[in-house]
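Peer 1: Sequence:
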Amino acid sequence: MERGRCRRFVHLYPAPKRRAPGHGHSVRHIRHGMIAMIRLRPAKDEDMGRVIELERLCFKHPYPPPVLYMLRGLYPELFIVAEVGGRVVGYVSAVVRRGGVGHIVSLCVDPGYRRRGIGRALMEEVERRLRGLFEVRMLRLEVRVSNKPAINLYQSLGYQVVERVPGYYPDGEDAYVMVKPTRGKGNTLESAEL
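Heads up, the working numbering is the position in the sequence shown plus 6, with the first residue counted as 1.
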């Protein structure tokens, strides 16, 4: 997911007083006969330098450090890093918008660690937290129309393209808006305020 034009984070719900259970957990991922332990946990202060580095590795137009710190400050439970062998190799950040919409703001995995299930593990964890802590009705994200690997990942997780936004990115590329209803009565694409 790459950066769009500068957008204000308005209509955000405050974070709950409670924290997600535990400080993180590990996921065992098996791919092509190899086993990798992926540890998922909320980001700490000491992780932010690496998160900023990952932003620069992953995106043509990275979020500036103050935006990343703001996102972590607004929703620390939804700013999650992935570690492999003690090294932070990816992160995901989300916020909660008006209408019960969980907005995935950024997903980033070190290019050297891609295609190992890390992006999927991060997405599944942030979705779990959005549903469990905030009881969101809908999940939403934006992605470059040319980013086929990301689009394939999101579709495999149940996201659907609902809109194409012309010129969304600073270089003029269009974005797809993709959404996924969460489980629950009345949670449909038509019922959410996107």
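I should point out that these hints are in silico values taken from the structure, not numbers from a laboratory.
We put the CB at the ideal spot given by N, CA and C, even for glycine.
Among the hints, a few may not be true.
Said to hold, decoys possible - With a cut-off of at most 20 Å between alpha-carbon atoms, the simulated SDA-like pairs for lysine to any residue come out as follows:
| # | residue 1 | residue 2 |
| --- | --- | --- |
| 1 | Lys66 | Gly79 |
| 2 | Lys154 | Pro172 |
| 3 | Lys50 | Arg104 |
| 4 | Lys50 | Lys66 |
| 5 | Lys66 | Gln166 |
As the list claims (entries may be wrong) - Simulated restraints, written as ranges between beta carbons of each label pair:
| # | residue 1 | residue 2 | range |
| --- | --- | --- | --- |
| 6 | Glu130 | Met76 | 22 to 32 Å |
| 7 | Val151 | Lys50 | 28 to 38 Å |
| 8 | Arg134 | Pro155 | 30 to 40 Å |
| 9 | Val168 | Gly92 | 37 to 47 Å |
| 10 | Gly138 | Gly178 | 16 to 26 Å |
Peer 1: Are any of the numbered hints broken by this structure? If so, which, sorted upward?
Peer 2: 1, 3, 4, 5, 8, 10
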